[in-house]
Amino acid sequence: MKKNKKMNGGAFKRVIKMLFKFYPVLLPLTIFCILFSAAAAAVPDIFIQKVIAIIGKFSETRDWAAASGELMPKIYLLVGIYIVSLIAIVVYTQLMAFITQGFLCKMRRAMFNGMQDLPIKYFDKNKHGDIMSHYTNDIDTLRQLVSQALPALLRAGSVVICVFFVMLYYSLWMILVLLIGVVAMMFVSKKLGGGSAKYFIRQQQSLGRAEGLIQEMMNGQKVIKVFCHERECEEDFDKLNDALYEDSRKANAYANILGPIIQNIGNILYVIVAISGGIFLLLNVKNVSISRAALDISIVVPFLNMTKQFTGNVNQLSQQINAIVMGVAGADRIFELMDEKPETDDGYVTLVNAEIAKDGTITETGKHTGHWAWKHPHGDGTLTYTELKGDVRMFDVDFGYEENKQVLYGVSVYAEPGQKVAFVGATGAGKTTITNLINRFYDIADGKIRYDGININKIKKSDLRQSLGIVLQETNLFTGTVMDNIRYGRLDATDDECREAARLAGADDFITRLPSGYDTELSNNGANLSQGQRQLIAIARAAVADPPVMILDEATSSIDTRTEAIVQRGMDKLMEGRTVFVIAHRLSTVMNSDVIMVLDHGHIIERGNHKDLIAQKGTYYQLYTGAFELE
Amino acid sequence: MIKRLAGCIREYKRPTIYTLIFIVGEAIMETIIPFITAQLVNDIKAGTNMNELLKTGLILTIIACVSLLCGGLAGFTCSKASAGFARNLRSDMFRRVQTYSFENIDKFSSASLVTRMTTDVANVQMSYMMIIRTAVRAPLMLIFSVVMAYIMGGALASAFVVVIPVLAVGLWIIGKKAMPAFRRVFKKYDRLNESIEENVRGMRVVKGFARENYEKKKFGAAAEDIRGDFTRAERIVAWNMPLMTFCMYFNMVFILLVGSKIAIQSGGQTIDVGQISAMLTYGVQILMSLMMLSMIYVMITMSAESAKRICEVLEEVPSLDEPENPIMSVKDGSIDFDDVSFKYSAMAKRYAIENVNLHIKSGMTVGIIGGTGSSKSSLVQLIPRLYDATRGSVKVGGVYVKNYDIETLRGAVAMVLQKNLLFSGTIAENLRWGNENATDAEIEEACRLACADEFIQTFPDKYQTKIEQGGTNVSGGQKQRLCIARALLKKPKILILDDSTSAVDTKTDAMIRDGFKKFIPETTKLIIAQRIASVQEADAIIVMDNGKIADIGTHDELLQRSEIYREVYEQQSKGGTEDEEK
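Read top to bottom, the protein sequences are chains A and B.
Going by numbering that gives the first Met the number 0, the first residue of the first sequence is number 0, and it counts up by one from there.
Going by numbering that gives the first Met the number 0, the first residue of the second sequence is number 0, and it counts up by one from there.
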């Protein structure tokens, strides 16, 4: 608990530091304006004291003309201060709107940019909902903190301090009385405010639990209906809903009670100050103050006003406790994401467009030539170019997602340029893992992987991945037109090139039949398309990138066998001249591969082409004849 | 809409009313306090004796205590009322969704239902709390303060005649301008968050294509765009504070200036020092209550959108009507389709199913085959009334499905959906969905029949093994077998498997079908499959094409006369010869 608090303190400091870093000029200006307006808010009390003194002085003579002579300059001064203070308020509120949104935008971008560089592992470990809540809930609490809590804290805090000094100017005795009340207020704020924050955090947790259940139930609504299981679901839901209600009620109750209590302690304090003022007056107590003024009515009355202002601002301070506790907790979670270690990339071999002369010499060029080369700088400053052919070899590779849980054991795969290599095996056998190692989503524990003879650890990750086209089982499309989605494969592809790729993938046919053809807007991961159609677009996306090596991970699993037969022709054309790694559930998809690897628990147990493997009468044969389950 | 939502307050009406009462009490006390304090100030000023002073002080303390009590109780009851209201809203929505038919469910995405039940309810809860706390308090305070100000200040109160309209109009203009700006910005904000979600989900694609920098740029542009809009909207609202302060300052100067003039000229007769200070307090109170009113105005309009989204769920009429005198038992497992046509929504141009006639006797095994989009699933979903036929009639056991009690019908017709799900809980708990009171022996029996027992026994916790949300810790084939076992526990008259063994190997698949034949011969079995092998031995096979029955017959018959069937069969049975054919 203690450690936790310390950490939160760190997060608070860091928010402040970042604010100053982003706005080294505007923020101090804003703070200055806030302080100024706060000070201006304390000033009138001095004036009231003076005005009352004047009223007292002239109420016998009833001489307004004489009184106004003394009064008007003070009023003018007050108006002057007010005008400047108003300007300060306008400036700081406008600046604050600007700074808050700017800060949030910068935080969002920092989070997002940091997130792009995180290793895939991070996304395996964290639920998408949890990652998202950094961008929604946590940013919202941070917004509360920066735009409301901090200015209010600063303003109310400085008003309290200013008023305190003004009071000190008048009477020490009265302050002592006041302080008793302040201590009581602080005590109550701490107790109730702390309780409220505690329950708000709990409310957040039970909301998370309820949300999880709701999500599960809403997703499975059709199953619930089929089993007429509605009542049981309602019972489960009621339990969590009731818990959420309890926490929400308590959290809000603490927060709501705090206000009236502080306010009325303020009122009672007012009475106490007034009565002690009266007693002091009656008893003619000798005053102790900076101004050395004697205690009289012209001090007691403004003092009462100051008491009000003082307690009012303490009340405002106490109202911010919640926002601060929650905001800091939110900031802490945001920093957690921002501090995640990014994917390391020590690669220095880059991919360049190349022109290959007849004699085989390679020259670098900026244009898209359809040929690429690896640019390999050496320690002695020389450069060598190696043509990108798509020769991928793995030697005795060991790997585990977690340290002590090995997934692959001594896997060796040789894929020569233009070969089609297939992986077959049960779920968890390590098929996808192998492809994840080739594009370095994960790094191998032991062994070697060579790409055109280059150790892939030396290749810059982004360049390595660009040379590999991937189509995954779970297709992810992005909001935008069909054309945009295809172009994602190669950003500078022309419309014609995208269409050509779609034709190659066999997607052109259905795309042209969509309401707006290639300009049809996709949203929500292409919810308006069937799973098979989404896969076709994903294939087109990979095709437009025109990579020398392709990885097809269950790319056609959702296309029914009849359609697949049609797509197959396009796919075959697409695979021509490329090194292709295929993972497929359906054996019909992999049968024509040059090499088929049968994986079992991370070991390659059989390898060869279809005919060899059938002749071996091993696992592949059993799979093929349907004697084995493929999952 | 308000009526609809108000209907969900129910048992929390009482705390709501208590809140209103306490708030009125608090508001009255709060307006009296400056009045008494003014007297206190005057007492001190006049040098009244200690007893008088103490008496006034005591009254004030009592009033403050009452105010504290009222305020505290109001804080307590209003939290209860608003949290309870939110709980009822969630509960009502959840229950409403339970009554939905498939047609209703299709209308809302599950993600949107989740948001409606969480974020939207939280918004409404907040505004409800604001409304019951301040909607009464603010106008009351406004009226009380103005009245008291006139009683005490007389002419001085004329300051408010100027200030109140200025503030009111100012706040109104700000609200009017800010509201559409915010609404626009929130929509964009939602879209921004959606795009983040898309990015997170598609991270492998982003990284696979090395598009990190592209994504950063894209997001950066969207974020900057939002920042601009947000800043503009916030800057409009930022005028609230200066406007408010201006009015307060104006008040202060006016009261000090005019007050002191009157005080001096009348020699403290018309107005005295205490009154001036009370007037200042009332001024602040009046402005504060106006400010609160404007805040409520903003809150209500902001949460109106949420309220609307909640009402949509609550007002969605379940499209299945229950018969008046429902039939409570299903005689047998015969199925009859008479000239049935069906489309998913009244608006749809195309029928998903057109003029289907089909008669299946009880106990038959019927296979259904056809390409994606040929409406195989649509056809069988009409049997347990997951959807209602648009035209024509569907009968089960010789009775129109619409005449059955829906639970009776669905109890007799067990369906394993294509998109099947297990829920978090143990395996046994999941299986008991089929029959709550199933004994362990019955569960094991069903699992043996579905060939699930064999792998369940290999788990260390056997039937008590925990299933993760969505069933991610069992393999696809295992999940399918568990789902079949779950359906079998219903002891159904009709069993429908909608592509439910696609991930199960052919041998196990055959074993399951054998088991069906041996142990549940009287149950009608409908099997939708991609694999010919799964339906080959069925009594009849239906070939679906484009929403119509292309052909019905046995395997041998279809091989001879159905081109589609033959094509699928050949596609699946051609083996190593494929290379040569190409």
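Just so you know, the hints here were simulated from the structure itself, not pulled from any lab data.
Honestly, I wouldn't trust all of these hints.
[Unchecked claim] Under the rule of at most 27 Å between Cα atoms (straight-line distance), these lysine-lysine pairs were calculated in the BS3-like manner: (1) 126/A - 186/B; (2) 238/A - 249/A; (3) 126/A - 490/B; (4) 16/A - 216/B; (5) 215/B - 260/B; (6) 217/B - 56/A; (7) 175/B - 187/B; (8) 404/A - 517/B; (9) 366/A - 187/B; (10) 459/A - 216/B; (11) 215/B - 16/A; (12) 457/A - 215/B; (13) 105/A - 490/B; (14) 342/B - 401/B; (15) 221/A - 215/B; (16) 215/B - 459/A; (17) 461/B - 342/B; (18) 175/B - 221/A; (19) 215/B - 340/A; (20) 217/B - 221/A; (21) 20/A - 215/B; (22) 221/A - 260/B; (23) 217/B - 124/A; (24) 374/A - 260/B; (25) 126/A - 401/B; (26) 465/B - 221/A.
[What the hints assert, rightly or not] Here are a few chain B residues that face chain A, going by a calculated C-beta distance under 7 Å: (27) 0; (28) 59; (29) 79; (30) 113; (31) 168; (32) 172; (33) 195; (34) 211; (35) 240; (36) 243; (37) 251.
Here a beta-carbon is modelled for each residue, glycine too, at the ideal position from N, C-alpha and C.
Against the structure, the hints:
no.: 1; hint: 126/A - 186/B; in the structure: holds (25 Å)
no.: 2; hint: 238/A - 249/A; in the structure: holds (17 Å)
no.: 3; hint: 126/A - 490/B; in the structure: violated (38 Å)
no.: 4; hint: 16/A - 216/B; in the structure: holds (26 Å)
no.: 5; hint: 215/B - 260/B; in the structure: violated (66 Å)
no.: 6; hint: 217/B - 56/A; in the structure: violated (71 Å)
no.: 7; hint: 175/B - 187/B; in the structure: holds (20 Å)
no.: 8; hint: 404/A - 517/B; in the structure: violated (44 Å)
no.: 9; hint: 366/A - 187/B; in the structure: violated (38 Å)
no.: 10; hint: 459/A - 216/B; in the structure: holds (20 Å)
no.: 11; hint: 215/B - 16/A; in the structure: holds (24 Å)
no.: 12; hint: 457/A - 215/B; in the structure: holds (25 Å)
no.: 13; hint: 105/A - 490/B; in the structure: violated (60 Å)
no.: 14; hint: 342/B - 401/B; in the structure: holds (17 Å)
no.: 15; hint: 221/A - 215/B; in the structure: violated (38 Å)
no.: 16; hint: 215/B - 459/A; in the structure: holds (19 Å)
no.: 17; hint: 461/B - 342/B; in the structure: violated (44 Å)
no.: 18; hint: 175/B - 221/A; in the structure: violated (44 Å)
no.: 19; hint: 215/B - 340/A; in the structure: holds (18 Å)
no.: 20; hint: 217/B - 221/A; in the structure: violated (37 Å)
no.: 21; hint: 20/A - 215/B; in the structure: holds (22 Å)
no.: 22; hint: 221/A - 260/B; in the structure: violated (78 Å)
no.: 23; hint: 217/B - 124/A; in the structure: holds (26 Å)
no.: 24; hint: 374/A - 260/B; in the structure: violated (89 Å)
no.: 25; hint: 126/A - 401/B; in the structure: violated (43 Å)
no.: 26; hint: 465/B - 221/A; in the structure: holds (22 Å)
no.: 27; hint: 0; in the structure: violated (23 Å)
no.: 28; hint: 59; in the structure: holds (5 Å)
no.: 29; hint: 79; in the structure: holds (5 Å)
no.: 30; hint: 113; in the structure: holds (5 Å)
no.: 31; hint: 168; in the structure: violated (18 Å)
no.: 32; hint: 172; in the structure: violated (16 Å)
no.: 33; hint: 195; in the structure: holds (5 Å)
no.: 34; hint: 211; in the structure: holds (4 Å)
no.: 35; hint: 240; in the structure: holds (5 Å)
no.: 36; hint: 243; in the structure: violated (9 Å)
no.: 37; hint: 251; in the structure: holds (6 Å)
Checked against the numbered hints given earlier, the structure breaks hints 3, 5, 6, 8, 9, 13, 15, 17, 18, 20, 22, 24, 25, 27, 31, 32 and 36 and satisfies all the rest.
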